[in-house]
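Student: Sequence:
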Amino acid sequence: MMGKPRRFAAASAAIALALTPAPPFAQTSAVQVEQAVPAYENPPLGNIPIALIMDADGGAPFYEKDADRRFIPASLTKLMTMYTAFELLDAKRITLNQRMPVTRQIFKEWGGVGSTMFASAGETISVDTLLQGITTVSANDGCVILASGAAGSVEGWTALMNANAKKLGMVNSHFNTPNGWPDEGRTYTSARDLAILARALITEHPTLYRRYFSILSFTHNDITQKHHNPILEAVPGADGLKTGFTNEAGYGFVGSAVQGNRRLIMVLGGAETSRERKKVAREFIQWGFDEWDADYVFGHGQPVGKARVQGGASRHVPVAAAQGVKISVPRGQQAEANVIMRYEGPLMAPIRKGQPVGQLIVQRAGEEPASFDLVATEEVPAANGWQRLRNGFLGLFG
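The numbering of the sequence shown is our numbering, which starts it at 1 and goes up by one.
Derived by calculation from the structure, the hints in this document are not laboratory data. Fair warning: there could be bad hints in the mix.
[As the list claims (entries may be wrong)] Under the rule of at most 27 Å between Cα atoms (straight-line distance), these lysine-lysine pairs were calculated in the DSS-like manner: (1) K226 / K279; (2) K166 / K92; (3) K353 / K306; (4) K166 / K279; (5) K108 / K279; (6) K167 / K92; (7) K226 / K278.
[As the list claims (entries may be wrong)] Derived DEER-like restraints, expressed as beta-carbon distance ranges: (8) P38 / V171: 30 to 38 Å; (9) G185 / Q259: 35 to 43 Å; (10) G112 / E283: 33 to 41 Å; (11) T273 / H316: 37 to 45 Å; (12) E204 / E123: 25 to 33 Å.
Glycine included, C-beta positions come from ideal geometry on N, C-alpha and C.
All chains, full assembly: derive it from the sequences and hints.
Tutor: This is the structure we're talking about:
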């Protein structure tokens, strides 16, 4: 979705001139008046080549620019390291108090390299401290310490990262390092994939997200460093996520903020300077709040329709979206969208209440479709003999 080109209109100016008497022999000339592009079509992106912004619970971006273009994420890679760690914590495969060793080899390769938490050779560091260092000061050494300690090797860790990317549907991403250090382009991603990842961090792991992504400063080995996030303390409601930079990748950012009952997620890639990234990040996300609204198409638990059932006590089961379904619209405009209920049917009984049964596809004109899970709102047990006979009879007559 791109901003439209500027438009010009001369009709109103010509009419105004006609109402003004001209002196004898006066020469008149055509006047062009620039018609302002609506603010919702004109995001403050400057020269940044890759961008995306979306409501976190809306499903589809309301503005995107080269969102599927593959680019080098640099330290944005660490978002997948954080997601992988959160998944392992939830599965109790690691704990926050578990301590990871800083081996001599890790210190030799990563001690003081790039962004660092200044880990010392021979010490052990808790997972909790490593995660703070990764999110707050983008610790390259912290990523490798965590990866090696939790998965046995960097290769084992990146295998977990790529498995998680596949699970989330990040089709334009591959991770070859835990920290995004230059690797001849073998690590890559897209703005859309990073938005998917950010939403997963926020919605699947809300407690851990709040714990780690809003830290303002970090101290380790008596060295205190300030956070790198350009919207924390600058944009109301900002609470994450991560910056990235290498000479090859330029300056990137994935950010999120909450204002009122809305959470926005934005992605920027390829900024030329840190100053440009900071300025655009602050203005772009506030533009999303100021110029766009999110309206419900279906509320949480609101019936969407019915799905056919085979072999059940009932021939149909009512279904609803698993979450409230919102779409983003320019401020002051009504929410209008095409809605399609999609499932492989008929569904086979028994069906339990809350069971995922299909997808709700919602699409506004000119935008990518968004997909939401559909769930059964009632239980449908398997049919007994009499119910099978009745259903068969009713089936003969529609």
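Student: List, from low to high, the hint numbers that the structure doesn't satisfy.
Tutor: 4, 5, 11
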